[in-house]
Structure formats: structure tokens, C-alpha cells
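Peer 1: One letter stands for each residue in the lines below.
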Amino acid sequence: MFRPRPDARPATIEVLVDGTPVLVPAGASAAAAVLLAGLPAIRETPVSGSPRLPLCMMGVCFDCLAEIDGVANRQACMVPVAPGMRIARQHGARAARP
Amino acid sequence: MIHDLAIIGAGPAGMAAAVEARACGLSVLVVDDNPAPGGQVFRAAEAAAPDPAVGPEIAPGLALIAAFRASGAEYRPATTLWHLDPDEGLLSLAGPQGVDEARARRVLLATGAQERAVPIPGWTLPGVMTAGAAQIMLKTTGAVPAGRTVLAGQGPLVWLLAVQLARAGAAPLLLETRSTGLAAALSQGGLWSGRRLLAKGLALMAEARRRGVRVVRPVRGLRAEGTTRVERIAWDGGAAPCDTLLLHEGVIPQTHVSRAIGVDHAWDAGQACWRPVTDGFGASSHDRIAIAGDGAGIGGWEAAVAAGRLAALDTARRLDALDAAGVAARSAAPLAARRAALALRPLLDAFYAPPASVLAPPDDVLACRCEEVTAGAIRAAARLGATGPNQMKAYLRCGMGPCQGRICAPSVAALIAEVRGVPPETIAPLRPRAPYKPITVGQLAASAESAQQPPQ
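Residue numbers (our numbering), protein chains in the order written: chain A, 1 to 98; chain B, 1001 to 1456.
Rather than coming from a laboratory, the hints here were simulated on the basis of the structure. Where hints are given, some of them may not hold.
[Unchecked claim] Pairwise CB distance ranges (calculated):
| no. | chain 1 | residue 1 | chain 2 | residue 2 | range |
| --- | --- | --- | --- | --- | --- |
| 1 | A | Ala82 | B | Ala1146 | 50 to 58 Å |
| 2 | A | Pro21 | B | Pro1362 | 41 to 49 Å |
| 3 | A | Gly92 | B | Glu1074 | 36 to 44 Å |
| 4 | A | Gly19 | B | Ser1193 | 51 to 59 Å |
| 5 | B | Asp1264 | A | Ala82 | 35 to 43 Å |
| 6 | B | Gly1262 | A | Ala82 | 50 to 58 Å |
| 7 | A | Thr12 | B | Gly1442 | 45 to 53 Å |
| 8 | B | Ala1333 | A | Gly92 | 49 to 57 Å |
Heads up, the beta-carbon is just placed ideally off N, CA and C, and yes, glycines get one too.
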């Protein structure tokens, strides 16, 4: 869980994290929005179903895989937030959608 | 259009190379997967500069970023290189506008560093992150960990982050794992020529203590404990409640692309990692590929700036935009700057050498986070005959998960070396495959269609 410092970086962009509106600063990543929203996990692993949150925040570890605007398996730490972006937890392996 | 120089990465090396190459009259393309220039050290620097928590350390990067933006280089932020054909100079890219290709006469990899994996018991628990991750949160969003924060490990970044978190009102408990004595490190020399960097480091340590950072040292046997998230950090002889655990045992070059394209690499014993083989001007074993900055061996941002400039000058010479006298005249300053910036490096490498348990973790620790493979399983497979990380993929799938071995490959190789009783440099590193980053099937199909179009 992360605590914002609005005096340093005002939160101006609203995104939906698991359906809940969250205000985050411009320049934040989708993974940062999940950490600011205080979700207990961003995904559960395909192998054992164990919960994970982002580890590296710089595109290396792939622990922040999430479903963003309907597309699964995206590296949330590499996706800058945009107004109205929908960020959802990913449970296990990503599902193929028609 | 064919660019004279394509640069992968807009960190200190990439930005400096772009500025220098433009000054030599070359056409330059810069591809970077972050939304703003700066790399990790100057991540989001333009936005973060007014924040007093990180401002002092970010300020030195602002002039370089401004020069880069004004350089006339074509800059493509938020764009990922997912394949590189070195023979053709062909870059396959994915960005906000979809997928496309670019061509260049010379390609400079300036991919920077990544944090060394710190596999300890419990390191997959939510709430355990790298120190760099917390610093990226601070730089990109201004946010700090809420609750009790523990920073565990060693290295210059640990002290810097402790200070920055403390300035932001979130002073961590610092568990320093350093076990090398000062005397052993001092024998590496470099004290006088590296005195400016050394003074900076000592000032940071003093500021950390002044701002209330509590330090426990030396700490061994670290383990993160909790059920659904980290709740406690324990070590041999102590424990503390913990809401966020930040781990750091130094950085290693990001060699994913350089290994994928197959340029020569050499084992760096001082930094316990592989690095691409380059000459003094960044030229790799492939005649079209240069590599500069931390991606060619950890040296820090000032060395990276110098290396980027040198690689650009060498490119200009190869493309006949600069003669030998011009290279000599322009390279004197960056050569001297790089020497000064690297003077303290052997001392830092010795002082902050990672413990053996970090390189080759205990049996019950998950070494591969993606496929959830323990170090014990890797040791067992090594005893069965797996001779390297490439073969280990077939045994246990480690290196085949989403991260493609970015995190686990060094641990896997170290575990194999340990079991077989051979030096680490005898275990060939993992050979990554394209796509380097995930792309959708739709993007792949679109790139096939664009490849069928006649060239414009």
C-alpha cells in the first residue's frame, strides 16, 4: 500500500481499479494506480494461485500482469494511466476472448 | 527512411549519444519504453524535479534531458523494441500507434541496468518489492509506502532511497546486509580520484542518520513472513513488523536484447554478472551494434553519459561524418569524464559484493517467480545433468514464464555452477528469444501486413 503526497504530485487522472474510481497523478503507471488503490494483489499466479503485487516497477519482473482496458497480460508498470482506464486483476492464466 | 543511428533507451547513455550524434550531423531515432526521457536514474525527472524528496538528485539530469529534447533526434517514447535483426539493422517496434519497423545503419543499445534479484524466503509475498520500485513510485507519483517500511540489502541506492523516503516523511528501518569490511574494500584503491563520489555517499549516510533512519548491521538470514502479504521481516537474531519490504543487492546490466542477438558477452567477476564485450567506444562483436551505459557494465550515470558520447562519435566516424582528428578532439573530454566516474567502482563493487546466499539461494526459496520453481528443484535438475539455463528451461520451465528469465536466469546459472563445482563463467547465459516483450496476435498480424506493403 502506498500513500500519495498530493502536495508534491497532485492527483488529476481518474482510473478504475477493479471497478473503483481512483485519482492518480499524471505520469503514473497502471501498476502505480493499483498500489495507490491498496489492492491486496494485482494477480494470482497461474501455477499455484498465489497473490502477487508488482516487484520491480520497471518492466523486468512481469509480476504486475493485469487486464487493462479489456486486454489481459499487460505489464501494468509499463502502461501510463489515461482518464477512464479500466485496470482489473488477473486471476491465473489469461483467458482468450472472442 | 534509414536512420544513421537508432538508439534503444533514453537514459543518460542514450540521451547523450543522441545529442552527440546530432551534433555530428547524423539522423537519429531514439526508442524508449518509458513515457518520458531520463532512464531510471532520471525517471520522470521533468515532472519530479520540484519534489524536495527527490529533486536534489534529479536536478543534474535536467540539462541533459533538455539538450536531448532540443537535439532534433526523432524520439519515440512509450515504444518497445520487440525484435532486432542486427544484420539488417531492422527494428520491430510496438508503441501507442501500433506496430511498425525502423531501419538504421548503426544501432546503439543503451538499455541500462536492472536490480539484481534478491531471492529470500517470502520474497513473492505482496508488499515485497525492490528498492528501485519504491523509488520509481516516488519519482513518477510522489507516493511513499504507507505503514512500517523496511529497506534491506546494500549498495549506494539503499542509502539514497533511505534518505529520499525520510525526506518524504517515510523513514524506513534499514537492514544492511553488507559483510565486506572497509579495509578489504579500500585495498581496491580509487579513493583519491573517486573522492567526489565518495563524499556524496558519505553525505547521504550522514543525512540518513540525521533524518531518523535506524540502521541494523550486519544482517544475515533475511526472510519475509506473512500469509497473504508481508507482515514481518526476520533475520538471524532479530525481527521487526513490516508492511512494505524493499530489497536491494545492487544492479546488473540489462542484457536481454544483447544476449538475444548473440553478441559476445564476458563474465564480470567483480560485479558477478555477464556484460557484453565492447571496445573503448562501445563497439560490440557485431559490426552494426554498439552498447553503452550500464547495459555494457555497471558504471553509474556519469560514466554512461560519457560512454554514450563516445559511441556516437565512433558511429560518426564509421559513417564518414567525422574524421579521426575530429574523433580525437571530441573524445578527450568524455574519456576523462568516464575515467573519473569509474575510479571508485572497484571499491564499490568490493564493498557491496552480494552475499553467496543471494546469488545461489537456499533450497526452499523460489528462484523462478513466474513458474514457481525452487532453488532446491533447480539443484536437483542440475544433479540430473542440466548443464546451463538454456537446458534448464526444458527440465523445469524456469526462464519460460512471462519474464523470460530476466529475473531467474542469473540465479539458475549460479545454482548450476554451484552443483557442478565449476566457475560461473563456464555456464553460458540464457539466450532470450523474440518477441522480447509481449505483443498481441493482432499486432503481429498487422506487422506481417505492413511488411507486405511495397517500400515507400
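Peer 1: How does the Cβ-Cβ distance of Ala1333 (chain B) and Gly92 (chain A) compare with 49 to 57 Å: does it lie in that range?
Peer 2: holds (55 Å)
Peer 1: Is it true that the C-beta distance of Gly92 (chain A) to Glu1074 (chain B) lies inside 36 to 44 Å, as the hint says?
Peer 2: holds (41 Å)
Peer 1: Using the beta carbons of Gly1262 (chain B) and Ala82 (chain A), state whether their distance is inside 50 to 58 Å or not.
Peer 2: Violated, at about 38 Å.
Peer 1: Holds or violated: 50 to 58 Å for the Cβ distance of Ala82 (chain A) and Ala1146 (chain B)?
Peer 2: Because 25 Å falls outside the window, the suggested range is violated.
Peer 1: If I claimed the Cβ atoms of Asp1264 (chain B) and Ala82 (chain A) lie 35 to 43 Å apart, would that claim hold in this structure?
Peer 2: holds (42 Å)
Peer 1: Is the gap between the beta carbons of Pro21 (chain A) and Pro1362 (chain B) within 41 to 49 Å?
Peer 2: holds (44 Å)
Peer 1: For the hint 51 to 59 Å, verify it against the beta carbon of Gly19 (chain A) and that of Ser1193 (chain B).
Peer 2: Taking Cβ atoms as reference, Gly19 (chain A) and Ser1193 (chain B) lie about 57 Å apart, which means the hint holds.
Peer 1: Is 45 to 53 Å right for how far apart the beta carbons of Thr12 (chain A) and Gly1442 (chain B) are?
Peer 2: Violated, since Thr12 (chain A) and Gly1442 (chain B) (Cβ atoms, about 31 Å apart) do not stay within the stated range.
Going through the hint list in order, the structure does not satisfy hints 1, 6 and 7.
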